[in-house]
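Please build the complete structure, drawing on both the sequences and the hints.
Taking the numbering used here, the leading residue of the sequence shown gets 1, the next gets one more, and so forth.
Any given hint could be a false lead.
Said to hold, decoys possible - Derived pair list, reagent style DSBU-like, types lysine-lysine, alpha-carbon separation capped at 35 Å:
1. K83 x K292
2. K292 x K36
3. K83 x K36
4. K83 x K186
5. K186 x K292
It is worth saying that the hints were derived from the structure and are not from the lab.
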Amino acid sequence: MGPERDEDIAAWVRGLGLDGLVDLHLHFLPERMLVKVWAYFDTMRERAGYDWPIQYRVSEDERVALLESFGVLRYAPLAYPHKPGMAEWLNGWLREFAERVPAAVPTATFYPEPSAATYVAEALRAGVRCFKAHVQVGAYDPRDELLDPAWGLLAEAGVPVVVHAGHGPHRGPHTGLDVFGEVLAKHPRLTAVLAHAGMPEYDEALALVERYPRVHLDTTMVGVPFTESLMPLPPHWTDRLVDVADRVVLGTDFPNIPYSYATQLRAVAGWAADDRLGDDFLRAVLHDTPAKLLNL
Numbered sequence: 001m002g003p004e005r006d007e008d009i010a011a012w013v014r015g016l017g018l019d020g021l022v023d024l025h026l027h028f029l030p031e032r033m034l035v036k037v038w039a040y041f042d043t044m045r046e047r048a049g050y051d052w053p054i055q056y057r058v059s060e061d062e063r064v065a066l067l068e069s070f071g072v073l074r075y076a077p078l079a080y081p082h083k084p085g086m087a088e089w090l091n092g093w094l095r096e097f098a099e100r101v102p103a104a105v106p107t108a109t110f111y112p113e114p115s116a117a118t119y120v121a122e123a124l125r126a127g128v129r130c131f132k133a134h135v136q137v138g139a140y141d142p143r144d145e146l147l148d149p150a151w152g153l154l155a156e157a158g159v160p161v162v163v164h165a166g167h168g169p170h171r172g173p174h175t176g177l178d179v180f181g182e183v184l185a186k187h188p189r190l191t192a193v194l195a196h197a198g199m200p201e202y203d204e205a206l207a208l209v210e211r212y213p214r215v216h217l218d219t220t221m222v223g224v225p226f227t228e229s230l231m232p233l234p235p236h237w238t239d240r241l242v243d244v245a246d247r248v249v250l251g252t253d254f255p256n257i258p259y260s261y262a263t264q265l266r267a268v269a270g271w272a273a274d275d276r277l278g279d280d281f282l283r284a285v286l287h288d289t290p291a292k293l294l295n296l
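In structure tokens:
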């Protein structure tokens with residue numbers, strides 16, 4: 001049923017016949033930005049009525065070493081802007097991070113601004129393998145005409161974009177899978193990964209996966225006790241996963257999670273206990289499908 005402790009992860013993964021994990025959704029950020037993100041989570045009690053203690057509040061070098069100790073072979077370090085002019089700066093930092101951390105794949109982000117199509121095209125030419133779009137934090141409309149060329153470029157390139165479009169953990173001015181669904185209707189070939197499985201709109205997220213063959217779900221914070229107490233999965237969750245088992249990918253939100261990395265793996269392993277899914281599903285989620293998306 002999954003590893004009990006972080007120290008058990010690597011052996012558990014080897015027991016599945018895998019060389020390691022591929023995590024499509026975790027975060028590395030410039031230090032001054034990360035401090036602000038952690039400060040936001042530190043005030044969650046005042047904002048939302050519950051605590052969000054950061055599990056891995058350690059230095060960047062220590063976080064890289066922890067992922068290596070867990071057996072995470074490759075990962076997509078995601079960053080996201082909340083104002084114009086920020087995305088290009090983040091993309092430069094992400095490029096430098098990927099150059100000095102071998103396990104990190106090159107990633108990028110964007111924001112609705114006149115230069116978006118230009119720097120997205122440049123990132124694609126530079127070999128970026130994954131993008132991040134955070135509709136909630138960015139507080140922007142993903143249907144903004146300034147983003148239309150960027151979505152088109154990504155759809156044409158087949159490069160995945162991890163999109164936080166759901167209402168969880170808090171509703172934003174333009175969150176909602178009905179809103180992002182309009183982007184997909186216009187760009188049906190977009191390789192989109194619905195962050196947090198669209199939380200809390202799980203059924204709506206699954207409907208988009210069923211409708212669009214390039215749409216995936218990531219497991220980030222899904223099914224863990226912390227989230228189940230706030231935004232629980234529907235009772236028919238594994239029934240619905242059976243038909244889209246090859247479009248679910250590992251994501252964890254490391255290091256900003258209020259529980260251990262192993263906790264997320266236990267949740268995914270719990271779904272695999274359904275005989276219709278099993279270890280083949282686990283291997284696909286934990287390695288094969290994200291590795292394919294990232295072109296590893």
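Status of the hints after comparison with the structure:
1. K83 x K292: 32 Å, holds
2. K292 x K36: 33 Å, holds
3. K83 x K36: 15 Å, holds
4. K83 x K186: Holds. K83 to K186 sits at ~25 Å (cutoff 35 Å).
5. K186 x K292: Holds - the C-alpha atoms of K292 and K186 are around 25 Å apart, at most 35 Å.
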